[in-house]
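*Asks:* Chain by chain, the residues:
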Amino acid sequence: MNVLDIKNLKILFRTGEGFVRAVEGVDIHVGEGERVAIVGESGCGKSVTSLACMRLLQSPPAYYTADTFDFVSRDGTRHNLLTKSENEMLTLRAREMAMIFQDPSTFLNPVMTIGEQLDEVFIYHKNMKPKEARVHTIEMMKKVGIPDPEMRANQYPHELSGGLKQRILIAMATSLSPRLLIADEPTTALDVTIQAQILRLIGERCEKEKMSLLMITHDLGVVREMADRVYVMYCGKIVEEGTVDEILSHPKHPYTKALIDTVPDMNTKTERFVQIPHNVPHPMNKPKGCYFSNRCAYCTELCTQKQPPLYDRGDGRKVRCYYKTEELWEK
Amino acid sequence: MGEIILKTNDLTVDFKVKKNVFGKADRLSAVHNANIEIKKGEIYGLVGESGCGKTTLANAILGFVPITSGSFEAFGHTIDAKTGAAEWKDARRHMQTVFQDPYSSLNARFTVWQIISEPLYIAGERDERVLCERAAALVEKVGLSLTDLDRYIFEFSGGQRQRIAIARALITNAELIICDEPTSALDVSVHSQICNLLLDLREEFGLTYLFISHNLSLIKHITDHMAVMYLGEILESGATDEIFKNPQSPYTKALMSAILEVNPKEKRERIILSGEARSPINPPNLCRFAGRCGEACELCHNAPLPDFKKIGDDHFARCHLIGKGK
Numbered sequence: 001m002n003v004l005d006i007k008n009l010k011i012l013f014r015t016g017e018g019f020v021r022a023v024e025g026v027d028i029h030v031g032e033g034e035r036v037a038i039v040g041e042s043g044c045g046k047s048v049t050s051l052a053c054m055r056l057l058q059s060p061p062a063y064y065t066a067d068t069f070d071f072v073s074r075d076g077t078r079h080n081l082l083t084k085s086e087n088e089m090l091t092l093r094a095r096e097m098a099m100i101f102q103d104p105s106t107f108l109n110p111v112m113t114i115g116e117q118l119d120e121v122f123i124y125h126k127n128m129k130p131k132e133a134r135v136h137t138i139e140m141m142k143k144v145g146i147p148d149p150e151m152r153a154n155q156y157p158h159e160l161s162g163g164l165k166q167r168i169l170i171a172m173a174t175s176l177s178p179r180l181l182i183a184d185e186p187t188t189a190l191d192v193t194i195q196a197q198i199l200r201l202i203g204e205r206c207e208k209e210k211m212s213l214l215m216i217t218h219d220l221g222v223v224r225e226m227a228d229r230v231y232v233m234y235c236g237k238i239v240e241e242g243t244v245d246e247i248l249s250h251p252k253h254p255y256t257k258a259l260i261d262t263v264p265d266m267n268t269k270t271e272r273f274v275q276i277p278h279n280v281p282h283p284m285n286k287p288k289g290c291y292f293s294n295r296c297a298y299c300t301e302l303c304t305q306k307q308p309p310l311y312d313r314g315d316g317r318k319v320r321c322y323y324k325t326e327e328l329w330e331k
Numbered sequence: 001m002g003e004i005i006l007k008t009n010d011l012t013v014d015f016k017v018k019k020n021v022f023g024k025a026d027r028l029s030a031v032h033n034a035n036i037e038i039k040k041g042e043i044y045g046l047v048g049e050s051g052c053g054k055t056t057l058a059n060a061i062l063g064f065v066p067i068t069s070g071s072f073e074a075f076g077h078t079i080d081a082k083t084g085a086a087e088w089k090d091a092r093r094h095m096q097t098v099f100q101d102p103y104s105s106l107n108a109r110f111t112v113w114q115i116i117s118e119p120l121y122i123a124g125e126r127d128e129r130v131l132c133e134r135a136a137a138l139v140e141k142v143g144l145s146l147t148d149l150d151r152y153i154f155e156f157s158g159g160q161r162q163r164i165a166i167a168r169a170l171i172t173n174a175e176l177i178i179c180d181e182p183t184s185a186l187d188v189s190v191h192s193q194i195c196n197l198l199l200d201l202r203e204e205f206g207l208t209y210l211f212i213s214h215n216l217s218l219i220k221h222i223t224d225h226m227a228v229m230y231l232g233e234i235l236e237s238g239a240t241d242e243i244f245k246n247p248q249s250p251y252t253k254a255l256m257s258a259i260l261e262v263n264p265k266e267k268r269e270r271i272i273l274s275g276e277a278r279s280p281i282n283p284p285n286l287c288r289f290a291g292r293c294g295e296a297c298e299l300c301h302n303a304p305l306p307d308f309k310k311i312g313d314d315h316f317a318r319c320h321l322i323g324k325g326k
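Protein chains in written order, with our numbering: chain A, 1 to 331; chain B, 1 to 326.
Source of the hints: derived by calculation from the structure; they are not laboratory data. Here a beta-carbon is modelled for each residue, glycine too, at the ideal position from N, C-alpha and C. Any given hint could turn out to be false.
[As the list claims (entries may be wrong)] Partial list, computed: chain B residues near chain A (C-beta under 10 Å):
no.	residue
1	Ser50
2	Ser192
3	Phe244
4	Asn246
5	Ala258
6	Ser274
Model the full structure from these sequences, guided by the hints.
*Replies:* Quick look at the structure:
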């Protein structure tokens, strides 16, 4: 059974200079206990998609529509996230779905101690008394591996390092063991050695609390480490979908291929780096036809005229490209 | 290659951190006895986590922060804590820098040609014809067009801004370009564009780079020599190939095992360091990595960090455990 079921999600932003389509008809589903990653460069709509799942986009300026936008909670109830009132969403968030963000310092309140901020989760959602909540808070801080939690609980966010702050956010997000954890670039702001710690912690928490994970990242190495299934997004559309092994070892879309090639291989020494020409098109100025056509090495006449459909092989492998799709089906 | 253009001798940078109005000032040791040697035409990598002092080392060489002790030799000048402004200026003429974040390192009120030609203006060139001509010559070298020269930088993407910053660094014909994480603020697909551009420019102008990064896979591919820093201390240095083939310091090993590969050839056992870097304030005279090191022995916690040991022809590391059969 799917925890998250999104069909044909479209997100439109009203800006001063016109309307911008940030997400153009995206289908995403996350199964129970599954770890799904959305990969793409900045501006491809991956963060907006994840924020929409939590209904954290203010509307206006964001407008979203979808054919299906369902979240299934632990008791099996189907919640249509589009029609939920803000109050109903408040009860869903944290209890059933929670989110970790890229930059932990902007999501912690600088004038409240770490302990108070973690207590709030229990006070608000479990109607606990502050003292009782603090016991759970300390317990939770131990679970995410914070040394000396009693002392840390009385500190303010600025006294903690980036890695510790991210652990606090993970504690906050997972303290009510939600069904779905959304992680939006959780390690981008951290050092490599801390990144390894945090990724391991997220993996452990998901396993222990039987959470599904929706991970947003631009780092293919993180994808290989964390995910079971991958969506590759480009300019608001999904261009490729499949299991991690399929996508990273046998990419079919030229964009996915190029992304993988730009990461230099550790086993050989290259003289030059593989580069993708040009930049990601501006969302108000996307090319006609396939959005990747102006950067694509295999671009044909057809690509510049008509948007390719998302070809489905039938086993969860999908590619949005005209180029040699026949080969794809034959494997 | 061969001629050494920059050499630091026990370069040390400390900052004074005041505790309170009455308190004694604490000493934050940002760079401690750093020795690096950069040869003409090479790319020298400086790796380490944030806060390890790699940027401070570069800033000390550029004169952005004062040197506490030690010195460095560059372009026929020896510069230490007492060097006067005139000599500084003369040495710095040969060095330029490209900063990490092109969104904050370029003046939003200047047009592109003004940004690019500003170093030349500061160096004493006041003729606008010359300034424009030089800016125009460079802007095409970095892959932008002449029509971009009269625009403001809000019109450019991150990659294009970094190209402008590179053009600015080149305009004074500097020989040593210090690149402080030039790609980490950029999108993945733009990374390679900027790296290739830097490689092309090195070829064309015979440049030397000091390349600061925390991205080890980038360092591996781009640099000839490298140094690994941890909390102000250089722990391992030498030829990049040798260090990657045979890392000696436990910290270097941990850094390398933290690299996440897209298509790993084999499943490796990851070394995950516990805890985080200790505070660089008033550090004891011991190995600064000992607290996080999985292999640390009694000696590491009690004896001062040993001197560099020669591992290979062009490979040095300092650690108590080297040669102890571990």
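*Asks:* Could you run down the list of hints and mark each one as holding or not?
*Replies:* Checked hints:
1. A distance limit of 10 Å between C-beta atoms decides the matter here; for Ser50 of chain B the minimum to chain A is near 6 Å, and the interface restraint holds.
2. Checking Ser192 of chain B against chain A by beta carbon gives a least distance of about 4 Å; that is within 10 Å, so the hint holds.
3. For the restraint placing Phe244 of chain B at the interface with chain A, the shortest Cβ-Cβ distance is roughly 8 Å, inside the 10 Å limit, so the hint holds.
4. Look at Asn246 of chain B: its Cβ only gets to about 15 Å from chain A, farther than 10 Å, so that hint breaks.
5. A distance limit of 10 Å between C-beta atoms decides the matter here; for Ala258 of chain B the minimum to chain A is near 4 Å, and the interface restraint holds.
6. Nearest Cβ of chain A to the Cβ of Ser274 of chain B: about 8 Å, under the 10 Å cut. The hint holds.
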